[in-house]
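J.: Produce the complete structure using the sequences and hints provided.
What follows is the residue order along each chain.
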Amino acid sequence: MTMLGRGELIRRLREGNLVVSPLLSKAQIGSASIDLRIGNVVLMVRARGSSHVDPVAAKRSASSRKSHEAELGRQQKHERYEIPFHSKFLVHPGSLALVPTLEWLQLPDDLHGSVTARSTWAREGLSIATATFIEPRYQGIATLELANMGQIPIALYPGMRVAQIAFVRVEGQTARIGGQFRMSFEPRQGRVADKDDFPFIPSS
Amino acid sequence: MTPLEFLKEEFDNVRRALDETLRHDYGPEQSVDYYHECEARLTDIDAEISRIAATDAAKIYTYLSQLSYVATFVSLIERSRLGEFSWPFADELRRIAKTLLAEKDLKGDLLDPIIHVVSEGQGYRIYYEAQVPVASSRRRFLVVAFPRSLKHHVLLHTLFGHEVGHTALFTTIAGGILQGEVLAALVAASPLKDLALMNAWLNSTAAHQDVKNELAAYAAQNGRPFVFTKENRELWLIELICDLFGVLLFGPAFFAAHRAYLQPLHPSPYTIKTAQPTHPPFAIRHKMLVQIMRVTGWDVPITSAADGAFHIAETEMLRFLLDDTYDQWSRFFDDADLRRAVAGVQKIFAPHGSLGYAPINPAGLVKLIERLTRGLPPILADIDQDGTPQLTDVRISQTLYAGWVYWIGRQHLAGAVTLDFLTTNRLCDHALLQQRAINYTLIAGVT
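First to last, the sequence lines map onto chains A and B.
Residue numbering for the first sequence follows our numbering, starting at 1 and increasing by one per position.
Residue numbering for the second sequence follows our numbering, starting at 1 and increasing by one per position.
Worth flagging that the hints you see were computed from the coordinates, not collected in a lab.
Only a predicted model underlies this, so the values are computations on that prediction, with no experimental measurement involved.
Hints may be right or wrong, so weigh each one.
To be verified - Below, a list of computed lysine-lysine pairs in the BS3-like style, where the Cα atoms sit at most 30 Å apart:
1. A:77 with B:151
2. B:273 with B:212
3. B:151 with A:88
T.: Below is the structure:
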């Protein structure tokens with residue numbers, strides 16, 4: 001596994017083979033990573049929206065025709081906020097916020113991205129806990145799953161650098177048909193269970 | 001309950017409704033001003049109500065009407081959801097409106113309108129308070145209504161240029177120019193010069209058969225021929241001035257939206273809609289925009305043959321705009337008069353620097369289109385060899401020009417992806433958002 005260093009990152013960015021755009025400061029490119037900024041949408045789980053996450057509901061929804069119930073579940077799960085620049089949003093202890101990056105990403109066949117919190121923010125308790133891998137050929141914003149592991153709320157502003165992405169070279173063929181989040185403009189609720197999981201999930 | 005008691009009850013209701021609007025989360029800008037303005041108007045009304053005699057039915061009615069008026073604006077607060085329209089575009093409209101629509105008060109201070117953005121089921125609209133009620137604070141409300149279904153369609157949002165024109169007509173500075181030299185240029189040698197000429201134009205043998213049929217149907221139904229009124233003439237002039245204003249504000253992107261959005265709404269481009277002839281036939285408006293493209297020189301591609309497919313795509317887009325097979329009967333203006341009208345509108349934009357359309361440079365345009373062919377938001381943000389960002393301030397009208405070139409000319413553009421119209425719009429919308437971040441950085445000088 002080879003991680004790309006600053007020189008190779010710059011070379012690929014300039015050639016257009018790798019896209020992380022826009023980069024707004026020279027300091028955004030580290031020795032082996034690129035800082036990512038918060039975008040302008042926040043999804044937070046709506047307290048009254050759903051009682052719990054249950055793959056059974058996902059299976060039911062996938063096997064039925066589009067129904068009011070299924071669509072309601074999808075639409076009601078998160079509270080969606082658009083946060084213009086210079087507006088803050090608070091991440092309270094124990095809460096999870098799905099946030100897009102300001103940057104648009106486009107990965108080539110041979111690179112895999114790995115997103116983590118910047119250490120400065122990690123020390124404040126801000127964690128980017130899940131789904132840190134970005135597959136080859138991905139294009140769109142990256143979704144940051146921000147969780148506050150500290151004791152006090154953290155105020156964040158769109159445009160701030162809170163995460164970083166490192167790239168490693170992948171060997172072999174990487175083409176895959178239809179990932180979940182291709183050309184993604186903002187965070188969306190994922191499918192907690194897919195066809196391959198259904199044999200293991202009861203029908204009701 | 002007496003009428004006065006009802007008035008007081010209603011006053012309390014409206015004030016309570018205003019407070020309840022703060023339960024919701026709105027955009028950070030303007031909601032405070034909007035709230036305070038409503039509150040100030042209610043305070044003025046409250047002072048008047050306290051002096052009304054229980055028997056003064058006329059005044060009770062007057063203040064009930066004023067309360068209802070304020071209540072309409074209060075209800076609009078709750079209609080504003082940031083997630084239902086493109087706020088980067090809405091922010092640009094705010095900037096334009098604050099710059100162009102500020103009015104001087106009696107002390108000579110400039111007061112900009114309070115701009116409120118909502119989304120609605122109808123088309124692109126701007127509601128502007130031409131007259132502020134007497135018993136009220138001084139700032140006017142301007143409500144921008146986006147069509148809800150077109151949330152991401154920034155390529156069409158340029159149609160707001162026309163709506164901004166409507167509001168500009170009410171202002172002292174911009175309105176003065178529009179109703180002065182611009183209007184004078186448009187009536188100089190056109191059928192709009194006076195009612196007699198306008199009616200003669202309508203009934204001329206050169207009129208399109210659709211119009212002849214329409215007029216015959218009107219006469220058969222009403223037992224008399226259709227004639228234009230003074231009001232019809234004024235409304236047509238206003239609409240044409242607003243089209244002129246829109247195209248000079250947002251450039252060819254406005255024209256493209258005008259054609260894409262309005263053409264399907266006019267099964268016959270010639271008919272005047274005798275029941276309500278508020279707008280000139282589409283053919284007249286289209287022909288005028290084609291002429292404006294020519295007199296401004298925007299009919300010439302920005303790119304050159306050396307730019308290959310990008311040039312072919314841009315040429316295709318211009319062909320889409322300049323395509324004009326409509327009868328000469330719908331040509332209203334001389335080029336010279338239109339030039340004077342264009343100069344008049346540009347005089348409004350001139351003191352404000354980046355307002356108004358100006359073509360981007362060829363390399364910039366190629367880069368923006370090229371990014372769309374790769375499925376990237378069209379911005380100009382490169383890095384140099386040591387990783388220092390090379391950022392460019394691209395105007396919204398330039399970004400959207402590139403978006404239209406991509407969309408109309410996409411079959412000529414070899415690219416990694418082929419975008420549908422929604423995705424093209426979403427990438428452009430995303431670019432507007434990223435452009436805001438770029439501009440903050442440029443202003444701060446922190447690259």
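J.: Just pull the numbers of the violated hints for me, sorted ascending.
T.: Violated hints: none; all satisfied.
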